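Okay, here's what each chain looks like letter by letter:
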Amino acid sequence: MAQSANDRRRINGPEESFPPIFDDDGEDIKLKMQRSRAPGDIRPIFLQPGLISQANGSAYIETEKTKIACAVYGPRQSKTTTYSEKGRLNVEVKFAPFSCTRRRAPMRDAEDRSIGVAIHQAIVSSIRLELFPKSTIDVFITIIENDGIEGCIASGSLAASTALADAGIEMLGLVASCSAAIVGDDIQLDPSEAEARASSGTVILACMPALDSITSIWQSGQVSADLSLKVILSD
Amino acid sequence: MSSSSVTNPSVADETLRAQIFQRLHPRVYLERFIAEKIRPDGRTFDEWRNVSVNVGSISTADGSALVRMGGTTIVCGVKAEIAEPELDRPEQGFLVPNIDLPAICSPKFKPGPPTEEAQVLSDRLNEALVASDALSLSSLCIHPGKAVWTLYVDCTCINYDGNAFDAALLAMLGALRNTTLPKATYNEETGRTTCSRKTRSQVQLTRKFASMSFGVLDTSHVLSDLTAFEEPLMDVTLTVIVDDRGELISTTESGGAISEDVLLQCINRAKERALQLKD
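Residue numbers (the UniProt record's numbering), protein chains in the order written: chain A, 1 to 235; chain B, 1 to 279.
Careful: at least some of the hints might be erroneous.
[To be verified] For lysine to any residue, the following SDA-like pairs were computed, each having C-alpha atoms within a straight-line distance of at most 25 angstroms:
1) B:146 x B:185
2) A:79 x B:108
3) A:86 x B:107
4) B:108 x A:8
5) B:110 x A:105
6) A:134 x B:53
7) B:146 x A:19
8) B:110 x A:108
9) B:108 x A:135
10) B:110 x A:83
11) A:65 x B:201
12) B:110 x A:84
13) B:108 x A:120
14) B:183 x A:23
15) A:79 x A:136
16) B:198 x A:36
17) A:134 x B:201
18) B:108 x A:54
19) B:110 x A:51
20) B:110 x A:77
[As the list claims (entries may be wrong)] Derived contacts from chain B toward chain A, CB cut-off under 8 angstroms, selection only:
21) 59
22) 75
23) 80
24) 82
25) 100
26) 102
27) 104
28) 105
29) 113
30) 123
31) 150
32) 154
33) 159
34) 195
I should point out that these hints are in silico values taken from the structure, not numbers from a laboratory. Since this is a predicted model, take the numbers as computed values, not measurements. Ideal placement from N, C-alpha and C gives every residue a C-beta, glycine not left out.
Using the sequences plus the hints, can you model the full thing?
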């Protein structure tokens, strides 16, 4: 089911539709898993600030297949009437309906929210929010093409931080972020979707290289503490 | 900005004052430009912004296009899925066009469900695709009464600088023209449809067409290809859809009344532009 049937605010298709089933499914998934890069190499990054003219700051990032656009609006007046001494950072992530292998219904679900929280965590400590009382900084991220959630979080944080800098918002430092997958005993940096699926665990690290400090670490899957530290060091 | 303010403070001061004037009195600001026969971005009344189309850059979609029209940027992706046809139309597939104007593209949109503007745009795009009969729905049939293709044509606006309808229609047609469908076979015994990964065929569009939008100010000034600043100030907006042979597909007018001359002027400009776009 691709879309809730009674959404009257959009043009609706048939009640039910299914993505095509291929006759050779399962065979070529193994082929896809082969990695062409060395374990310590990341995918080439294309990063360009300032493409969205309507926004205060923006950035577009492309790492091979992953394509993400990010815009920053603000600091602008908070909608809530309660007084807050510190500024608020609001991160919203949206998947384009055609960004994944399966079509995404244009509804927000848990996945975009969890990516939003991860990116929020990665960048929030780099911003000097105490300088913006009563205001909100909105960071909107649209994932145009998705090749692995880990990669999306890492490049999303990088794009968000670049867009904040483009908007002229005071920060302690730029945030750089990288993901890693553990396959057997190997640590593979910047895994794609197929590589991450084949791994036993993933780690996403965000840091401010200028201050030599870490802003957030996300680890999932079965990883021993030692190995996890090793991954963090190699990130 | 900072360097000019050091060397020439009066120029920076003037620009700032112009910006404040534009924010406070947009209509008067625009009228002063119109009186000089020029538009705020330096174009003449009948000048169009540069258009660039980039197709097939999104690998997760079955067809895709990225359109830039001046500052306006729209990405469109087509996803094909299989569905059961309607009982009264056993051989017709589905075409489901939608446009999203998310909060990322302009400060005037807020996150949440589609705005009124997005709903109207989606409906107009749907109507344009249906009215033009560009894609025959029966070509989407896999097995009559059992399985047909559904093409979800989704546009996302990345940067909104006016004239989203023209850009979105161009993106949708570009993406549809770029769409390939895997060869699908319906197995009558199991009732399942399977696709082959190797052979894909192109979706056939029957005609080429484009839409052209205009705005009319003070009943006589006709501006082509409006920007986000000009759009809300217009008295009347007009959209003309013509195909590459100069045949009219649809004309929509909204706002106040216009004279027949203005309408003809728009249609002629649209035909001219359609011939330009064809090259």
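Consistency of the hints with the structure:
no.	hint	verdict
1	B:146 x B:185	11 angstroms, holds
2	A:79 x B:108	14 angstroms, holds
3	A:86 x B:107	22 angstroms, holds
4	B:108 x A:8	23 angstroms, holds
5	B:110 x A:105	19 angstroms, holds
6	A:134 x B:53	42 angstroms, violated
7	B:146 x A:19	15 angstroms, holds
8	B:110 x A:108	14 angstroms, holds
9	B:108 x A:135	17 angstroms, holds
10	B:110 x A:83	22 angstroms, holds
11	A:65 x B:201	23 angstroms, holds
12	B:110 x A:84	22 angstroms, holds
13	B:108 x A:120	23 angstroms, holds
14	B:183 x A:23	11 angstroms, holds
15	A:79 x A:136	8 angstroms, holds
16	B:198 x A:36	23 angstroms, holds
17	A:134 x B:201	56 angstroms, violated
18	B:108 x A:54	10 angstroms, holds
19	B:110 x A:51	20 angstroms, holds
20	B:110 x A:77	14 angstroms, holds
21	59	6 angstroms, holds
22	75	6 angstroms, holds
23	80	7 angstroms, holds
24	82	5 angstroms, holds
25	100	6 angstroms, holds
26	102	6 angstroms, holds
27	104	4 angstroms, holds
28	105	7 angstroms, holds
29	113	6 angstroms, holds
30	123	7 angstroms, holds
31	150	5 angstroms, holds
32	154	4 angstroms, holds
33	159	5 angstroms, holds
34	195	4 angstroms, holds
Consistency note: the structure conflicts with the earlier hints numbered 6 and 17.
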